[in-house]
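S.K.: Please take these sequences and the hints and turn them into a complete structure.
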Amino acid sequence: MILDSLMTRARNSIAKRKHYNRLVAEIDSFSSRDLADMRADRSEMLYQVHKQIYG
Numbered sequence: 001m002i003l004d005s006l007m008t009r010a011r012n013s014i015a016k017r018k019h020y021n022r023l024v025a026e027i028d029s030f031s032s033r034d035l036a037d038m039r040a041d042r043s044e045m046l047y048q049v050h051k052q053i054y055g
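According to this note's numbering, the sequence shown is numbered sequentially starting from 1.
Because the hints were derived from the structure by calculation, they are not lab data.
Model, not experiment: these values are computed from the prediction.
Ranges of calculated distance between the beta carbons of each label pair, as one might list FRET restraints: (1) 53 - 7: 14 to 24 Å; (2) 8 - 36: 38 to 48 Å; (3) 31 - 55: 21 to 31 Å; (4) 36 - 16: 23 to 33 Å; (5) 38 - 16: 22 to 32 Å; (6) 39 - 7: 37 to 47 Å; (7) 35 - 55: 23 to 33 Å; (8) 2 - 35: 38 to 48 Å; (9) 1 - 40: 41 to 51 Å.
No residue lacks a Cβ here, since even glycine has one placed at the ideal position from N, Cα and C.
M.R.: Have a look at this one:
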């Protein structure tokens, strides 16, 4: 029972981290020009991604 709970939490953590890393890589792939065209700020995007994934 306790081991199942621990394994489930570990799997969920790993899944969240993979999703977060994927989104960060996508944001990092944007050039400064791309961000300017979207009127976006890289640090704000990273903050919002972190907030979305981890709460």
